[in-house]
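Residue numbers for the sequence shown follow this note's numbering, so the first one is 43 and each next one is one higher.
A few of these clues could be false.
Label-pair distances were calculated between CB atoms; the ranges are [unchecked claim]:
no., residue 1, residue 2, range
1, Pro86, Glu196, 19 to 29 Å
2, Lys46, Asp128, 41 to 51 Å
3, Lys46, Glu178, 48 to 58 Å
Hints were generated in silico from the structure; no laboratory data involved.
Glycine residues also receive a C-beta, built at the ideal position from the N, C-alpha and C atoms.
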Amino acid sequence: MASKLQIKGKISATKNIRQITKAMQMVAASKMRKAQEAALRARPYARRGLIVLRNILAYLKGKRFESALTRERERRRVCLVVVTSDRGLCGSFNSGVLRSAAKFCREHKDKTIEIVSVGKKAKEFFKNGQCVQAAEFGTIAETLNRYEAEALAEWILRSYEEERYDAVYACATSFVSVLSQKPDAYQILPLSVEELERVVRAIVPKTGRYSEIAKDEESFVVSKYYEFEPTAEELVSYAVRQMLKAEVLHLLLESAASEHSARMVAMKNASESADKVLEDLQRVMNRVRQAGITQELSEITTAKEALMAE
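Could you put the whole structure together from the sequences, leaning on the hints where they help?
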């Protein structure tokens, strides 16, 4: 059995670890709320932009107009944007995204796939992989800086318009609730209005804080009473580009909220495990202390009997 000094050392170390994990849990919770609030602040713009885009497309219906960003192509070259974190200690957050990305690559092995890594974990994972890394971008999990998202969106737009790729997909984590995040791969380009609508609706979590926002909102109504200056054709190209930028921003913000949520849950579990370890160590300490007391009493009794025998 370990000595009292060794057990005291283990108890002290476990308490220090618990203090660190609890602090990390609180920091992650704060950052998760900030990422959620940033996404919700940008949501009204995305909603109104989507309504305008729907109206323009409804107006152009039957006029044989099609934006280069919405037109389907034969898919031979595909770009996959993989969004992970820069740091670990966030449970299965990164492994879930990377498994989803690997599955996508297997399912599309008949096509040429290039990877855009967002976050250090994706960069490391695909460093020696079969897929070529076309570009690398940083995450916005710490800064929530929209300019990083704009840089990624501009790169995607430029590459697609230059016909470097026939389709662009994103593999990232959707924030469902504090305890639930879902890694998945979905199409970014060619742009789908239905997919945009899904992304905008998904910004509001299904349960928990902020979930009540969706109940009070109007649906994505299409109106026939629109006039366009200078022309609907010119406006739709601008609107599509802006909506893609909004989609990429929300993609990164949702991933940031999911990362911090996963880290918060992981640190909460670590703190609870530390509490259990401390309970076990305290029981061991009590047994060692009791054994020491019993031994001392036995020695006193033995000494007394020896004196009386004399």
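Verification of the hints:
1. For proline 86 and glutamate 196, the Cβ-Cβ distance of about 23 Å falls inside the hinted range of 19 to 29 Å, so the restraint holds.
2. Lysine 46 and aspartate 128 have their C-beta atoms about 43 Å apart, which keeps the hinted 41 to 51 Å range intact.
3. Distance hint for lysine 46 and glutamate 178: a CB-CB separation of about 53 Å, consistent with the stated range 48 to 58 Å.
Violation of the numbered hints given earlier is absent; every hint is satisfied by the structure.
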